[in-house]
Structure formats: structure tokens, C-alpha cells
Amino acid sequence: MDDDLIIGGEKFASRLIMGTGGAPSLEVLDAALAASGTELTTVAMRRLDPSARGSVLDVLRRRGIRVLPNTAGCFTAQEAVLTARLAREALETDWVKLEVISDERTLLPDPIETFDAAERLVADGFTVLPYIGDDPALARRLEQAGCAAVMPLGAPIGSGLGIRNPHNIELIVEAAGVPVILDAGIGTASDAALAMELGCDAVLLATAVTRAQRPDLMAQAMRSAVAAGRAARLAGRIPRRRYAEASSPMTP
Amino acid sequence: MNVTINGVAHELPSGATVAEAVKTLTETRNGVAVAVNGEVVSRGAWDSTALADADAVEVLTAVQGG
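Going line by line, the protein sequences match chains A and B.
Position 232 of the first sequence, counted from 1, bears residue number 231 in numbering that gives the first Met the number 0, the numbering being contiguous throughout.
Position 52 of the second sequence, counted from 1, bears residue number 51 in numbering that gives the first Met the number 0, the numbering being contiguous throughout.
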């Protein structure tokens with residue numbers, strides 16, 4: 000079945016977008032990315048460390064995975080715009096996962112700074128994928144501002160709490176004309192499947208895989224879960240009923 | 000003159016370029032981006048952009064994250 004994910008005019012056969020944070024080594028990360036089947040993976044921008052051995056970019060290049068720089072660590076629109084511009088220069092991509100956080104304890108996205116940065120980056124020619132709370136109104140405003148996708152959280156980054164407000168995710172999906180990518184909060188495979196069953200177009204996760212006991216096996220589980228959830232969404236689930244509905248004839 | 004490169008003070012000869020500042024950290028140009036005083040300097044301009052005393056140079060690359 001031809002069921003590509005299309006973001007900003009680009010096609011992806013995989014609906015699992017991976018992050019790279021939290022992996023104990025580049026070797027472990029490499030194995031996990033391979034097992035995940037991902038075609039799009041995030042990296043962060045940081046000061047160059049001359050003592051660092053190997054690069055996450057080499058891993059992605061070898062695997063033929065498209066790089067999606069993020070603006071992780073930015074607290075203001077100003078910082079995020081500069082980081083996006085540096086990423087564009089370093090990585091030769093105008094795609095950016097826009098992430099502007101409000102505080103270090105919750106790492107929740109700051110809606111005001113995120114919207115401000117999104118407008119500036121869209122005007123500057125970027126393909127902008129903003130990380131946001133599960134807020135249908137903000138998602139709509141960001142789409143109107145020209146973002147190529149919206150990325151609502153399921154729960155705080157790294158929390159593994161799953162999807163805390165499935166109803167809001169459904170509201171975002173119902174109204175969206177751009178891909179909805181469930182980002183953050185995924186703890187295990189059933190969370191990723193649920194995101195897809197709710198109608199999300201893709202899932203972005205990192206910690207659930209990179210900090211699992213066996214990252215490559217969890218990556219494989221996430222790949223299957225995303226595919227299963229997508230198929231279930233397309234298949235159309237049965238309505239929930241209060242009482243039983245016999246699946247065998249009742250008369251002998 | 001004194002410039003700050005990734006938060007560390009460096010003594011560079013007067014008229015040193017952005018390219019020379021990058022070289023204090025790495026010989027690689029690929030995957031690297033530079034901002035001077037908060038403004039991006041594109042790779043093609045590193046050799047021709049002279050630094051001034053007290054400039055703050057940020058040299059960034061991609062790392063695991065997100």
C-alpha cells in the first residue's frame with residue numbers, strides 16, 4: 000500500500016521520526032536507528048568540542064537518513080532563530096524542528112516565543128516543524144502562519160508518560176491541514192500505536208528507545224507499533240458499545 | 000587582539016579571520032557553522048571576514064539531541 004508521509008513536499012515511507020538524544024554511544028544509536036527504519040532524525044546544535052570522537056552526522060549519512068536539526072536548549076525566539084540559521088549553514092537544510100522551552104524543570108514549550116520564532120523562520124524561507132503543547136488553538140495558528148507540520152507533545156520530554164490528553168490530540172488532528180507529529184512523552188510501543196490510532200501522521204521519539212534496556216529491540220517495537228497504529232487508523236475501528244454484541248449466531 | 004571562541008579567551012594576531020578562529024578548534028569545515036557577535040557568518044565568507052578585538056565567536060556543530 001502506498002501510504003507515504005508528506006512533509007513540506009518531501010515523501011517518507013516511514014512514519015517514525017527518531018531523535019538521537021540519550022544514546023550511550025554512537026554504536027548503540029546506529030543499531031537503534033537501523034532497527035527503527037526511520038528516514039528522518041533530529042540532531043541538536045552545540046559548541047564544537049575538539050575532543051569529541053565520531054559524529055552523529057556520520058551515522059546519519061551512512062544510513063541515508065535525512066537530518067532534522069532542532070533548536071533544543073533555546074528559551075527565546077531570538078536564540079531559536081539564530082540556532083536555526085546556524086543549523087541551516089552547518090547542515091545545508093532549511094528544515095528545522097522549532098523548540099523553544101519555557102523552563103528547565105518541565106521543558107514545556109513556550110507558546111509565545113515559539114509562535115514568534117515560527118513567523119520569523121517561515122518568512123526567512125525555513126520549513127518549520129514546531130514542538131508545541133497539546134493545544135488545538137495554537138496548532139491552528141501555527142499552521143496559518145505557514146508551518147509545514149505541527150508537533151504536539153503527548154507528555155513532557157523524556158517523561159515516558161504517554162499521551163496525557165488524547166482528546167486534544169484528536170482535536171488537533173481533526174482541524175489540521177498539515178501533518179500532525181506526536182512528539183515527546185512516548186514511553187513504550189502502545190503509546191506510539193495510540194498516537195497513530197488517534198490520527199497522527201507520524202511519531203517522533205528518542206528517549207523511549209535510547210534509554211531502553213535494549214535500544215535496538217525497542218526501536219523495532221516502535222517501528223511495528225507505528226505501522227500497526229497507522230493501519231488501524233486507516234482500517235477504521237469499531238464503535239465502542241456499552242453491552243456485548245454477539246459475534247456468533249445466538250440460535251443453535 | 001583578544002577574541003572569545005566558544006566562551007574561551009584566545010589571543011589571535013590582529014586582522015585574524017573567522018577561518019583562523021575556526022582552525023583553533025577544528026580543521027573540518029563540513030557540518031560546522033559560525034556566528035560572530037550573534038550573526039551567522041556563512042562558510043564562504045570565513046576567509047574574508049576579519050575579526051575585531053573583543054569579538055565573540057561561536058563555532059557550532061550537530062550533536063546527539065532531540
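Take the hints with a grain of salt, since some may be wrong.
Claimed, not checked - Which chain B residues stay away from chain A? Per the calculated CB distances, all over 10 Å, these:
| no. | residue |
| --- | --- |
| 1 | 1 |
| 2 | 5 |
| 3 | 6 |
| 4 | 9 |
| 5 | 10 |
| 6 | 12 |
| 7 | 13 |
| 8 | 15 |
| 9 | 16 |
| 10 | 34 |
| 11 | 39 |
| 12 | 46 |
| 13 | 49 |
| 14 | 54 |
| 15 | 57 |
| 16 | 61 |
Stated by the list, open to error - With beta-carbon atoms standing in for the labels, derived distance ranges:
| no. | chain 1 | residue 1 | chain 2 | residue 2 | range |
| --- | --- | --- | --- | --- | --- |
| 17 | A | 1 | B | 53 | 30 to 38 Å |
| 18 | B | 26 | A | 60 | 16 to 24 Å |
| 19 | A | 176 | B | 22 | 26 to 34 Å |
| 20 | A | 136 | B | 47 | 22 to 30 Å |
| 21 | B | 6 | A | 104 | 42 to 50 Å |
| 22 | A | 12 | B | 23 | 42 to 50 Å |
| 23 | A | 233 | B | 51 | 39 to 47 Å |
| 24 | A | 91 | B | 46 | 40 to 48 Å |
| 25 | B | 13 | A | 60 | 34 to 42 Å |
| 26 | A | 176 | B | 14 | 48 to 56 Å |
| 27 | A | 1 | B | 27 | 35 to 43 Å |
These are calculated hints, taken from the structure and not from any lab test.
All C-beta atoms in this analysis are idealised placements derived from N, C-alpha and C, irrespective of residue type, glycine included.
Cross-check of the supplied hints:
1. With a closest Cβ-Cβ approach of about 19 Å to chain A, residue 1 (chain B) is found to remain outside the 10 Å limit, as its non-interface label requires.
2. For residue 5 (chain B), the condition that its CB be more than 10 Å from all CB atoms of chain A is violated, with the nearest at approximately 4 Å.
3. The claim that residue 6 (chain B) lies off the interface is violated: its Cβ sits roughly 7 Å from the closest Cβ of chain A, which falls inside the 10 Å cut-off.
4. The Cβ of residue 9 (chain B) lies farther than 10 Å from every Cβ of chain A, with a closest approach of about 13 Å, so its non-interface assignment holds.
5. With a least CB separation of 18 Å from chain A, residue 10 (chain B) remains clear of the 10 Å interface cut-off, as annotated.
6. Residue placement check: residue 12 (chain B) keeps its beta carbon more than 10 Å from all beta carbons of chain A (closest about 21 Å).
7. With a least beta-carbon separation of about 24 Å from chain A, residue 13 (chain B) lies farther than 10 Å from that chain, consistent with its non-interface assignment.
8. The claim that residue 15 (chain B) is not at the interface with chain A holds, since no C-beta of that chain comes within 10 Å of its own (minimum 18 Å).
9. The beta carbon of residue 16 (chain B) is kept farther than 10 Å from every beta carbon of chain A, the shortest such distance being approximately 17 Å.
10. The Cβ of residue 34 (chain B) does not lie farther than 10 Å from every Cβ of chain A; its closest approach is about 6 Å, which violates its non-interface assignment.
11. With a least beta-carbon separation of about 5 Å from chain A, residue 39 (chain B) fails to lie farther than 10 Å from that chain, contradicting its non-interface assignment.
12. Listed as a non-interface residue, residue 46 (chain B) keeps its Cβ farther than 10 Å from every Cβ of chain A; the least gap is roughly 15 Å.
13. Residue placement check: residue 49 (chain B) keeps its beta carbon more than 10 Å from all beta carbons of chain A (closest about 19 Å).
14. Non-interface status of residue 54 (chain B) relative to chain A is upheld: no Cβ of that chain comes within 10 Å, the nearest being about 16 Å off.
15. Non-interface call for residue 57 (chain B) relative to chain A: violated, since the shortest CB-CB distance, roughly 7 Å, does not exceed 10 Å.
16. At the 10 Å boundary, the C-beta of residue 61 (chain B) falls inside the reach of chain A, the nearest C-beta of that chain being 4 Å off.
17. Checking the proposed 30 to 38 Å range against residue 1 (chain A) and residue 53 (chain B) shows it is violated: the Cβ atoms sit about 58 Å from each other.
18. Between residue 26 (chain B) and residue 60 (chain A) the beta carbon distance is about 19 Å. The supplied range of 16 to 24 Å therefore holds.
19. For residue 176 (chain A) and residue 22 (chain B), the hinted distance range of 26 to 34 Å is not satisfied, since their beta carbons lie about 48 Å from each other.
20. A C-beta distance of roughly 47 Å is found between residue 136 (chain A) and residue 47 (chain B), which places it outside the suggested range of 22 to 30 Å.
21. For residue 6 (chain B) and residue 104 (chain A), the Cβ-Cβ distance of about 25 Å falls outside the hinted range of 42 to 50 Å, so the restraint is violated.
22. Between residue 12 (chain A) and residue 23 (chain B) the C-beta distance comes to about 43 Å, which sits within the given range of 42 to 50 Å.
23. Roughly 60 Å separates the CB atoms of residue 233 (chain A) and residue 51 (chain B), a value that falls outside the hinted 39 to 47 Å.
24. Judged by the Cβ atoms, the range 40 to 48 Å given for residue 91 (chain A) and residue 46 (chain B) is violated: they are separated by roughly 19 Å.
25. Look at residue 13 (chain B) against residue 60 (chain A): about 39 Å separates their beta carbons, and that is inside 34 to 42 Å.
26. Hint check: residue 176 (chain A) to residue 14 (chain B), Cβ distance near 53 Å, so the stated range 48 to 56 Å holds.
27. Restraint check, residue 1 (chain A) to residue 27 (chain B): a C-beta distance of roughly 40 Å satisfies the suggested window 35 to 43 Å.
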